[in-house]
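Participant: Those sequence lines, one after another, are chains A and B.
First residue of the first sequence? That's 1 in the numbering used here, and the numbers climb one at a time after it.
First residue of the second sequence? That's 431 in the numbering used here, and the numbers climb one at a time after it.
Quick caveat, the hints were computed from the structure, so don't treat them as lab data.
One or more hints might be untrue.
Unchecked claim - Capping the alpha-carbon separation at 20 Å, the derived lysine-lysine pairs in PhoX-like fashion look like this: (1) B:456 with B:483; (2) A:317 with A:367; (3) A:367 with B:688; (4) A:258 with B:456; (5) B:688 with A:378; (6) A:344 with B:456; (7) B:747 with A:384; (8) A:388 with A:344; (9) B:774 with B:789; (10) B:674 with A:384; (11) A:258 with A:234; (12) A:384 with A:367; (13) A:317 with B:614; (14) A:26 with B:774; (15) B:483 with A:244; (16) B:514 with B:525; (17) A:244 with B:815; (18) A:385 with B:674; (19) B:814 with B:514; (20) B:789 with B:808; (21) A:95 with B:525; (22) B:664 with A:26; (23) B:797 with B:774; (24) A:171 with A:181; (25) B:674 with B:483; (26) A:244 with B:797; (27) A:378 with A:317; (28) A:367 with B:808.
Predicted, not measured: the structure shown is a model, and the values here were computed from it.
One-letter residues, chain by chain:
2 protein chains.
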Amino acid sequence: QGTRDHPPAHVVLRDRLLAAVVACFKRHGAAAIDTPVLELRETLMGKYGEETKLIYELQDQGGELLALRYDLTVPFARYLAMNKISTMKRYQVAKVYRRDNPATTRGRYREFYQCDFDIAGWFDPMLPDAECLKIVHEILSDLQLGDFLIKVNDRRILNGVFAVCGIPDSKFISTCSTVDKLDKMPWEEVRSEMVGEKGLSPEAADLIGDYVQRHGGLDLIEQLLQDPKLSQNKVAKEGLGDMKLLFEYLGLFGITGKISFDLSLARGLDYYTGVIFEAVLLQQEKEPGEEPLSVGSVAGGGRYDGLVGMFDPKGRKVPCVGVSIGIERIFSILEQRVKASGEKVRATETQVLVATPHKHLLAARLKLISELWDAGIKAEMLYKKDPKLLKQLQYCEDTGIPLAAIVGEQELTEGVVKLRDVARREEVRI
Amino acid sequence: QGTRDHPPAHVVLRDRLLAAVVACFKRHGAAAIDTPVLELRETLMGKYGEETKLIYELQDQGGELLALRYDLTVPFARYLAMNKISTMKRYQVAKVYRRDNPATTRGRYREFYQCDFDIAGWFDPMLPDAECLKIVHEILSDLQLGDFLIKVNDRRILNGVFAVCGIPDSKFISTCSTVDKLDKMPWEEVRSEMVGEKGLSPEAADLIGDYVQRHGGLDLIEQLLQDPKLSQNKVAKEGLGDMKLLFEYLGLFGITGKISFDLSLARGLDYYTGVIFEAVLLQQEKEPGEEPLSVGSVAGGGRYDGLVGMFDPKGRKVPCVGVSIGIERIFSILEQRVKASGEKVRATETQVLVATPHKHLLAARLKLISELWDAGIKAEMLYKKDPKLLKQLQYCEDTGIPLAAIVGEQELTEGVVKLRDVARREEVRI
Numbered sequence: 001q002g003t004r005d006h007p008p009a010h011v012v013l014r015d016r017l018l019a020a021v022v023a024c025f026k027r028h029g030a031a032a033i034d035t036p037v038l039e040l041r042e043t044l045m046g047k048y049g050e051e052t053k054l055i056y057e058l059q060d061q062g063g064e065l066l067a068l069r070y071d072l073t074v075p076f077a078r079y080l081a082m083n084k085i086s087t088m089k090r091y092q093v094a095k096v097y098r099r100d101n102p103a104t105t106r107g108r109y110r111e112f113y114q115c116d117f118d119i120a121g122w123f124d125p126m127l128p129d130a131e132c133l134k135i136v137h138e139i140l141s142d143l144q145l146g147d148f149l150i151k152v153n154d155r156r157i158l159n160g161v162f163a164v165c166g167i168p169d170s171k172f173i174s175t176c177s178t179v180d181k182l183d184k185m186p187w188e189e190v191r192s193e194m195v196g197e198k199g200l201s202p203e204a205a206d207l208i209g210d211y212v213q214r215h216g217g218l219d220l221i222e223q224l225l226q227d228p229k230l231s232q233n234k235v236a237k238e239g240l241g242d243m244k245l246l247f248e249y250l251g252l253f254g255i256t257g258k259i260s261f262d263l264s265l266a267r268g269l270d271y272y273t274g275v276i277f278e279a280v281l282l283q284q285e286k287e288p289g290e291e292p293l294s295v296g297s298v299a300g301g302g303r304y305d306g307l308v309g310m311f312d313p314k315g316r317k318v319p320c321v322g323v324s325i326g327i328e329r330i331f332s333i334l335e336q337r338v339k340a341s342g343e344k345v346r347a348t349e350t351q352v353l354v355a356t357p358h359k360h361l362l363a364a365r366l367k368l369i370s371e372l373w374d375a376g377i378k379a380e381m382l383y384k385k386d387p388k389l390l391k392q393l394q395y396c397e398d399t400g401i402p403l404a405a406i407v408g409e410q411e412l413t414e415g416v417v418k419l420r421d422v423a424r425r426e427e428v429r430i
Numbered sequence: 431q432g433t434r435d436h437p438p439a440h441v442v443l444r445d446r447l448l449a450a451v452v453a454c455f456k457r458h459g460a461a462a463i464d465t466p467v468l469e470l471r472e473t474l475m476g477k478y479g480e481e482t483k484l485i486y487e488l489q490d491q492g493g494e495l496l497a498l499r500y501d502l503t504v505p506f507a508r509y510l511a512m513n514k515i516s517t518m519k520r521y522q523v524a525k526v527y528r529r530d531n532p533a534t535t536r537g538r539y540r541e542f543y544q545c546d547f548d549i550a551g552w553f554d555p556m557l558p559d560a561e562c563l564k565i566v567h568e569i570l571s572d573l574q575l576g577d578f579l580i581k582v583n584d585r586r587i588l589n590g591v592f593a594v595c596g597i598p599d600s601k602f603i604s605t606c607s608t609v610d611k612l613d614k615m616p617w618e619e620v621r622s623e624m625v626g627e628k629g630l631s632p633e634a635a636d637l638i639g640d641y642v643q644r645h646g647g648l649d650l651i652e653q654l655l656q657d658p659k660l661s662q663n664k665v666a667k668e669g670l671g672d673m674k675l676l677f678e679y680l681g682l683f684g685i686t687g688k689i690s691f692d693l694s695l696a697r698g699l700d701y702y703t704g705v706i707f708e709a710v711l712l713q714q715e716k717e718p719g720e721e722p723l724s725v726g727s728v729a730g731g732g733r734y735d736g737l738v739g740m741f742d743p744k745g746r747k748v749p750c751v752g753v754s755i756g757i758e759r760i761f762s763i764l765e766q767r768v769k770a771s772g773e774k775v776r777a778t779e780t781q782v783l784v785a786t787p788h789k790h791l792l793a794a795r796l797k798l799i800s801e802l803w804d805a806g807i808k809a810e811m812l813y814k815k816d817p818k819l820l821k822q823l824q825y826c827e828d829t830g831i832p833l834a835a836i837v838g839e840q841e842l843t844e845g846v847v848k849l850r851d852v853a854r855r856e857e858v859r860i
């Protein structure tokens with residue numbers, strides 16, 4: 001349930017998509033690592049907030065207690081700590097596992113690919129963070145997925161908002177995950193979850209609502225820096241200062257047009273400590289004057305400065321920021337587009353079929369195809385002793401093989417091969 | 431335990447190796463599929479003989495009972511049956527999981543890559559089988575791993591041998607796995623396991639011994655076809671007839687020089703029904719006249735005509751033959767070779783570092799690097815506001831970046847960039 005087999009046409013398309021994403025990661029100087037699908041259970045526990053219950057655990061068959069990785073971020077942090085690495089720019093493309101309710105039509109599976117890029121190390125503020133946003137911008141532009149928006153916020157700003165609204169520290173994380181639902185439900189419902197399930201006072205909820213429903217750019221940052229309450233809060237001020245710097249850098253990259261500072265963005269995971277972001281594709285057809293509707297998140301990430309320290313015996317910290325590209329949702333979109341375009345995706349790359357026009361020529365076919373393979377040419381033949389020529393040519397048409405190399409008695413005698421262009425039905429002797 | 435993280439230098443090397451293997455699979459017209467790491471437990475049970483105990487099982491967290499795939503063959507057979515596919519040439523490169531005793535120095539892990547190529551369908555005998563052996567020959571030749579030998583046998587011949595030696599059918603499979611140990615232990619020990627653990631009579635064991643210690647080529651096949659006992663056994667005769675045909679095809683491919691018909695080859699898995707084979711690398715330095723010593727299996731496979739039928743509700747059969755390349759062991763060999771050669775494997779592909787010679791030029795760096803990225807150039811910069819030029823050039827040398835693009839006040843004024851060849855210490859203004 002919630003997993004799927006990928007047939008050849010899928011794999012071909014997906015490999016194209018992954019190649020574009022990996023090309024971007026390499027363009028930004030990232031190195032690849034590979035970590036096991038299996039992690040120690042204790043490595044994963046306490047890192048994913050309410051989502052911890054979605055972790056797949058292995059049966060205790062003796063030895064270590066294991067689980068399947070839930071994302072690529074926690075394994076990366078473990079890798080850095082275990083190997084005492086304090087500076088690294090890495091990417092990883094691999095499958096992760098979540099016992100979620102599958103919604104396969106919307107591209108949500110229990111086994112799915114993640115494509116992660118992360119920058120670890122002590123650096124001047126916001127430079128790696130800005131690069132992560134640049135990467136999201138490049139990938140979504142390269143893939144021509146239509147209009148998109150990258151929402152940005154900062155956990156420190158949110159925490160500051162919660163603090164000045166009178167929420168106790170202990171409720172920050174759970175309030176975060178409620179705020180995070182603002183992209184899926186109206187404020188009224190989010191408010192009632194805050195008051196009902198999370199036990200906030202109606203007054204506090206309303207105060208929060210005044211803040212988290214705002215979004216904008218530099219203007220909003222300036223406005224909040226002047227906010228009488230928020231400007232008194234140390235962490236909020238820090239977050240807002242960094243947000244201003246981030247927008248300056250994004251301006252130099254020329255990409256602020258697609259960035260929105262959005263106070264409703266919270267992201268559910270425990271480990272974020274600073275900037276957080278999420279990219280959404282915008283609905284194509286919209287009425288003039290209407291707010292563009294989001295059709296779903298296709299990338300997300302943020303800063304997690306405390307995670308590596310949780311795995312280091314001495315608690316030694318390594319600040320990190322990273323982004324994860326939601327390849328499955330993008331894949332669904334590309335797949336629909338290919339279907340709509342009528343493009344026929346070939347499952348194989350075979351260049352030539354080695355064929356014979358009559359019986360008793362199997363040896364000639366085997367010798368010729370062997371020569372072609374040894375010369376690096378992608379070649380196939382039918383696994384029949386005496387196939388009919390028509391069947392062989394039909395196979396070319398069915399599978400998109402452009403050429404047939406035909407050897408009959410006459411060709412053998414003359415030491416030539418008849419090369420047939422299958423689509424044009426033209427032949428040359430070579 | 432038994433798993434490992436792969437650092438960037440590993441991944442670069444491994445990707446090179448996988449690319450060579452996949453290129454060969456594509457050359458032979460295979461299409462790729464991808465199946466989940468998770469399979470239903472019942473799919474895997476009863477397919478791996480004594481090795482079933484090595485399957486990783488997931489905890490029962492509600493829902494289906496799951497396990498991690500043990501190989502790529504059983505998932506492929508399930509895929510064919512589920513999708514009612516009766517003809518397919520496919521490859522798959524993916525990790526598999528075995529709760530084995532890890533021997534990491536010899537490249538044996540609990541999580542490891544398999545590279546599988548399989549041909550499914552009703553075809554004329556031995557044509558797909560011969561292609562599988564050709565593929566092993568091509569890959570081991572392409573990778574220049576030194577001398578190798580591909581041992582070939584047939585389950586039907588082995589079963590015939592067991593039958594004429596008076597072994598009851600019920601003991602065929604367990605006798606098989608004992609015979610299979612002949613490459614690791616001398617006949618005396620194998621014989622005593624047969625008599626002691628497996629309960630064969632000493633006479634039967636000796637009769638088996640007379641057969642399974644033989645290896646050769648066409649001559650041995652002819653000899654066994656004349657064998658008074660074996661020639662009376664129907665399955666053995668079938669197997670020997672096909673073996674003769676196989677050698678004929680391998681002759682046309684020009685590869686019989688590296689193929690040995692070896693009656694001691696048995697392979698442990700339950701599902702094989704016909705031809706089986708295994709490739710071993712031979713020790714490089716050997717004394718003249720000495721038998722070349724095997725240093726381990728690097729590929730193996732065979733025919734499994736009954737497996738797909740086990741997954742089909744109507745028991746509909748699809749004959750299959752396939753090969754699995756033991757990429758981990760080959761990787762260990764290549765890694766040692768790279769180490770010995772002193773080749774420095776770059777972890778990244780960065781072409782240019784964007785650098786500045788003095789302070790207050792961060793904006794210039796950000797603008798230039800953004801232009802480079804947008805032009806598809808692999809570029810990095812240090813994440814510092816005002817890095818020293820020496821530090822920047824040092825970073826190029828440490829990570830193998832060949833060029834530095836330097837912008838200072840003067841360059842900005844003149845609208846140029848100074849491009850420095852890091853190794854030659856030469857600069858041009860462009």
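Participant: Against each hint, give a clear statement of whether it holds in the structure.
Facilitator: Now for the hints, and whether the structure bears them out:
Using a Cα cut-off of 20 Å, the hinted pair residue 456 (chain B) and residue 483 (chain B) is violated, with the two alpha carbons roughly 34 Å apart. Restraint check for residue 317 (chain A) and residue 367 (chain A): the C-alpha separation of about 63 Å exceeds 20 Å, so the hint is violated. Of the supplied pair hints, the one linking residue 367 (chain A) and residue 688 (chain B) holds, its CA atoms being roughly 18 Å apart against a limit of 20 Å. Between residue 258 (chain A) and residue 456 (chain B) the CA atoms are separated by roughly 41 Å; this puts the pair beyond 20 Å, and the hint is violated.
Using a Cα cut-off of 20 Å, the hinted pair residue 688 (chain B) and residue 378 (chain A) is violated, with the two alpha carbons roughly 23 Å apart. With a C-alpha separation of about 18 Å, the suggested pair residue 344 (chain A) and residue 456 (chain B) falls inside the 20 Å cut-off, and the hint holds. For the suggested pair residue 747 (chain B) and residue 384 (chain A), the alpha carbons sit about 19 Å apart, so the restraint of at most 20 Å is met. Proposed proximity of residue 388 (chain A) and residue 344 (chain A) is contradicted: the alpha carbons are some 26 Å apart, above 20 Å.
Taking the CA atoms of residue 774 (chain B) and residue 789 (chain B), the gap is about 33 Å. The hint is violated against a cut of 20 Å. In summary, the hint linking residue 674 (chain B) to residue 384 (chain A) is supported, as the alpha carbons are separated by about 17 Å, within the 20 Å threshold. A distance of roughly 29 Å separates the Cα atoms of residue 258 (chain A) and residue 234 (chain A); the hinted pair therefore is violated under the 20 Å criterion. The hinted pair formed by residue 384 (chain A) and residue 367 (chain A) meets the criterion: a straight-line CA distance of about 15 Å does not exceed 20 Å.
Proposed proximity of residue 317 (chain A) and residue 614 (chain B) is contradicted: the alpha carbons are some 49 Å apart, above 20 Å. Proposed proximity of residue 26 (chain A) and residue 774 (chain B) is supported: the alpha carbons are some 18 Å apart, at most 20 Å. For a cut-off of 20 Å, the pair hint linking residue 483 (chain B) to residue 244 (chain A) is broken: about 58 Å separates their Cα positions. A hinted pair counts as satisfied when its Cα atoms are at most 20 Å apart, and residue 514 (chain B) with residue 525 (chain B) does not qualify at roughly 25 Å.
Simply put, residue 244 (chain A) and residue 815 (chain B) have alpha-carbon atoms about 16 Å apart, close enough for the 20 Å limit, and the pair holds. Simply put, residue 385 (chain A) and residue 674 (chain B) have alpha-carbon atoms about 16 Å apart, close enough for the 20 Å limit, and the pair holds. Between the alpha carbons of residue 814 (chain B) and residue 514 (chain B) the distance comes to roughly 59 Å, so the proposed pair goes past 20 Å and is violated. Distance restraint check for residue 789 (chain B) and residue 808 (chain B): the Cα-Cα separation of roughly 24 Å exceeds the 20 Å cut-off, and the hinted pair is therefore not satisfied.
With a CA separation close to 11 Å, the supplied pair residue 95 (chain A) and residue 525 (chain B) stays within the 20 Å bound. Distance hint between residue 664 (chain B) and residue 26 (chain A) is unfulfilled; the C-alpha atoms sit about 59 Å from each other, more than 20 Å. With a C-alpha separation of about 32 Å, the suggested pairing of residue 797 (chain B) with residue 774 (chain B) is violated against the 20 Å cut-off. The suggested pairing of residue 171 (chain A) with residue 181 (chain A) holds, with an alpha-carbon distance near 16 Å, which does not exceed 20 Å.
A C-alpha spacing of about 37 Å is found between residue 674 (chain B) and residue 483 (chain B), which places the hinted pair above 20 Å, so the restraint is violated. Of the pairs offered as hints, the one joining residue 244 (chain A) and residue 797 (chain B) holds, with about 18 Å between alpha carbons and a cut-off of 20 Å not exceeded. For the proposed pair residue 378 (chain A) and residue 317 (chain A), the alpha carbon gap of about 51 Å is over 20 Å, so the pair is violated. Between residue 367 (chain A) and residue 808 (chain B) the alpha-carbon distance is near 45 Å, which puts this suggested pair outside the 20 Å criterion.
Checked against the numbered hints above, the structure violates hints 1, 2, 4, 5, 8, 9, 11, 13, 15, 16, 19, 20, 22, 23, 25, 27 and 28; every other hint is satisfied.
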